[in-house]
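Based on these hints, arrange chains B, C and D on the given structure of chain A.
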Amino acid sequence: MKLHEYQSKQIFAEYGVPIPKGRVATTADEARAIAEELGGRVVVKSQVLVGGRGKAGGIRLADSPEEAGSLATEILGMQIKGLPVRKVLVDEAASIATEIYLGVTNDRAARCPVMIASAEGGVEIEEVARTDPEKIHRVWIDPLLGLREYQARYLASSIELAREHWRTFIQIASGLYQAYVSSDATLAEINPLVVTEDDRLLALDGKMVLDDNGLFRHPDLAEMRDLDEEEPAEGEARKYGLSYVRLDGNIGCMVNGAGLAMATMDVIKFFGGAPANFLDIGGGATAEKVAVALEIILKDAHVEAVLFNIFGGITRCDEVARGILAALEQVDTNVPMVVRLVGTNEEAGRRLLAKAEMITATSLADAAKKTIAAIKEA
Amino acid sequence: MKLHEYQSKQIFAEYGVPIPKGRVATTADEARAIAEELGGRVVVKSQVLVGGRGKAGGIRLADSPEEAGSLATEILGMQIKGLPVRKVLVDEAASIATEIYLGVTNDRAARCPVMIASAEGGVEIEEVARTDPEKIHRVWIDPLLGLREYQARYLASSIELAREHWRTFIQIASGLYQAYVSSDATLAEINPLVVTEDDRLLALDGKMVLDDNGLFRHPDLAEMRDLDEEEPAEGEARKYGLSYVRLDGNIGCMVNGAGLAMATMDVIKFFGGAPANFLDIGGGATAEKVAVALEIILKDAHVEAVLFNIFGGITRCDEVARGILAALEQVDTNVPMVVRLVGTNEEAGRRLLAKAEMITATSLADAAKKTIAAIKEA
Amino acid sequence: MSILIDKNTRVLVQGITGREGLFHASQMAAYGTQVVAGVTPGKGGEWVLDGKVPVFDTVQRAVDTTGADCSVIFVPARFAADAILEAADAGVQLIVCITEGVPVQDMMKVRRYLDQKGTRLVGPNCPGILTPGGAKVGIIPGHIAIPGNVGVVSRSGTLTYEVLYALKAKGMGASTCVGIGGDPINGTSFIDVLSMFEADPQTEKIVIIGEIGGSDEERAAEYISDHMTKPVVGFIAGQTAPPGKRMGHAGAIVEGGTGLAADKIKALRSVGVKVADHPEQVPDLLA
Amino acid sequence: MSILIDKNTRVLVQGITGREGLFHASQMAAYGTQVVAGVTPGKGGEWVLDGKVPVFDTVQRAVDTTGADCSVIFVPARFAADAILEAADAGVQLIVCITEGVPVQDMMKVRRYLDQKGTRLVGPNCPGILTPGGAKVGIIPGHIAIPGNVGVVSRSGTLTYEVLYALKAKGMGASTCVGIGGDPINGTSFIDVLSMFEADPQTEKIVIIGEIGGSDEERAAEYISDHMTKPVVGFIAGQTAPPGKRMGHAGAIVEGGTGLAADKIKALRSVGVKVADHPEQVPDLLA
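Chains as they are written, first to last, in my numbering: chain A, 1 to 378; chain B, 379 to 756; chain C, 757 to 1043; chain D, 1044 to 1330.
Calculated from the structure, these hints are not laboratory results.
Don't take each hint at face value.
[Said to hold, decoys possible] Label-pair ranges, simulated between beta-carbon atoms: (1) B:THR405 x A:ARG200: 51 to 61 Å; (2) A:LYS55 x C:GLY1013: 17 to 27 Å; (3) A:GLU160 x C:GLY1013: 25 to 35 Å.
Built from N, CA and C at the ideal position, the CB exists for glycine as well.
Same shape as in the complex, but just chain A:
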């Protein structure tokens, strides 16, 4: 789960990381009032969960409250990479001397957190890693020991930060790590961390990604989820314990198991089709779960056929078939449906479904080809 800049920075501030004064606004009037309050120059920043806000014109400087208001009007009317802007953050503008990158994330290969710093702040760190890998400095953190002061000091010295700022930098690094651990984050980054012209260190922009599996420990953070920012169908699916990701194609897929669901998408593509979604219904496909899943798939207007790929392992195929039949009674649709059932009691399951005018298939390849053909026929 991604957090907005303003949410991330609030969390950082709780752990002692200095951030600019500012507040979030949903209207131009609010933005004007906040700018008034702050006094002086402000920056108006769109709050959307995508990168590249600056380039898209979603981050602008205002010299007066009036200008802040009119920029807010403008930005609140924008779409950035398809996402409508519904909030802006109005921050005091900082006079920047230098920009640093500082982040902490999980290193999957090393199986521990890694803290990364670079003197090249303000740009995407992946970009720096590609073009100037020697400008990226890393320390790996023992998850049982936590970040140690010498590790932060090593980073400060590696990015050649002026000595007078080391103490503050070490505090910021420690605060960032605490924020990351205490929030069950998978990423916590400050980019840029700036040294201002009056020699302060300030987290100008912040980003956090939280581990969905850790949210049960953090009901307060779970509430920060911005439903405006996500595909409504994905949120709907999550409510029912389903895992759904919308794609661009026209073949809806319903599969039990994440790996098999991906493989199903891949096979559709391999035979020339285009999957409309990833959908894992998990184990034990009850009628209710199948019905909800089917509704979610069919809400996507691009869907012209649905492919069911169910591997009956411990669940029996005839049971799943009955689940599908019951679901079909609840859902009104006339797109062709192709079912591939395999595993325990597959014959019984297939017989049940054939009666229901569903196209049955024996293999995944067979199912994919039949689905593609069904669309062409329709």
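Same frame as chain A, now just chains B, C and D:
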């Protein structure tokens, strides 16, 4: 540094360990008022830093505030193992169903904390360990992971605690461990931890010993030191960075280094004398330090002679000799003094001291014998 | 021969009185696995599976009493880290954690602890291990595979069943099938299992089933190139997965341009691994 | 030969710009020890010891630049744990911590971390190591010992000097003298050093100097009985120490009836170790 029962229990309570209601009093009136406030039966407990308070009559039950007052008068007039009672704790009396022992301490050999539980609470755990070692249950705690729930559960099951109390017991164990870690303790124990007749768990008595080396992290705990409870000379010595322990003999010792100081005591004893103290003046014996140390030694009226045993390593012996001479000018005494200087520039040092009518010795054995002889002559 | 488990493995089930734990304990026992004990805190003294399997309050007591040497975990995600550590502390040498949804920071701590103790963890978020005709520890349906000479290792659940089933359909059997799980940080990697298969005389060919996310497949490719003599066939799921989206498994995500299926396929092919276009091709490539 | 350090040891001094650190760095260098670097955070780029020794901000950089393989620590107690971990993380294989007053809970964490990394720590609260005629790392005065065949290991500081000096007075020299320190939890035990002496060809006899508190001497006695072929002479300080009182060293305390000098002496004598009545007897017992 040992904490009083009432201090230890206060700390435990901060970490969620349930303790009886109660407060500490220094007068009978206060004790009566607290008993009044608590209502019902109370227990009046002497607060001294020694064991065996109960046997000595320092823990008594009172049925009324008046009785609490008169018992307090009695107890506040007592001495327990030579220590005058200056405070009493007045606690609500609990109706005890069973008594458990629960403690956590450093296991030197295993180099980690160990939590110990026994169904035989209310008696000294060392005694149980001697007589019924199978009644002692231990879990070793990884200092980087901390106490895990299953470890506390293992203890609960080992002492055959009724299942309905496991949850609370696990919370208490976790609170006790937190108190131990957060206070840099070397021991934190609840003895007894009781199950009351109305089925509550309650830490009836508590004890903590803090690591002196960790006190710099806990100025609040350092202030809890009860100066009334310690040999005044030991507190005085601590102020000057000296390590002093009073003993029963008549030969004062001044030595640089803890191991050498112990060896000096042992050698005195070996040759038939009796050391009056342990005293380590540390490295670099300046005149000031030597003077303070000498004053502390001579405050003990039993001292009939002083033995200086100095190994000049990096410090030069002639320098130390000058320190001793300067100190002697500041301190007025006529007990015989025997000096054994060895190491760097030992000859020069010995010459300086011989002039000052001090008895010089070449070896530790020689010094011990000369000191014993000097007392006999005097 | 087989790897990790066989008929002699003495299995302990953590969370045995839960719905999942109890069902799969009985499935394991029915398959012929020696299920010797269960653990559910607060239920010590009960008996399950027709009164044949004793339940204990702690793993330590279960191990002391029954000599269990392998534990399979079905407890809820919030208790999973503790359950793994408890098993490790009790001296269990092989721990299989089925539980899905364990926080990744818990797993980083657990891995760090287990590495130092030398305990083998398989999972979490995995279907477990199946040695056809020998034993099963976890939830892989026993009837979908027959004994044979193919070692199977996979990050996925049902996709693995799919492959086992396809093998069986062609008369091919498996030595052992190991589901290492779909989480970003888990106990056992492809390399760990590949090295065991290489050393196992029964295993003559190997199937590796990967998916998007991380670089475990790339490291496996390197290992195959440097250390493996037995033929390896692969399949990688997620070629059509969009970047930045978690595909069901916590670990199945393309991030910052890494973890792409295409890169994994390329890495495997470059070291001589035949990579199937779809799962049903796997038996053909093995033949 | 010798143990732990010799002329080739490349020593790094953590806390080199402090009063103690600087003084002892110069003493070590004067003794012939290769002092190759110093570390003081915030002073990287300076040079000390007549401009011969560079100072770095971090141990990692000091090691990378100078190839130091041993670190000696003189930082204040509150920074000692971090200093030890920093050296270990930078790959230093031998760390000698002189600092007194390190909290015991810090040391429990540090030991746990180092054990897993395989780093050797000597101390804290110790005088360090002296290989007469070779090198010294720490604060043992170099001139009080001559090269020879006696290995000395001790929990104490000046008491050790006393013994070295007594040996020298009788013309006896030391192979290496190791002060393991007076704290209840430290990096290196008697057993660790005894096994090194047993394996060292130069060492023909061993002196072990213990004191009250803990049971390291008792374990050493067991080890001597089981593994040592070379003669061992002992001395235990604290026969006259009262129970429950800390005798200077944090670890020198008789608690709950354990840690008594009498028990340690008995344990050592029971395995054939000659235990001296007073330190000056040691050379006689060795002869």
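Next item on the list: Hints the structure violates: just list their numbers, smallest first.
Entry: none
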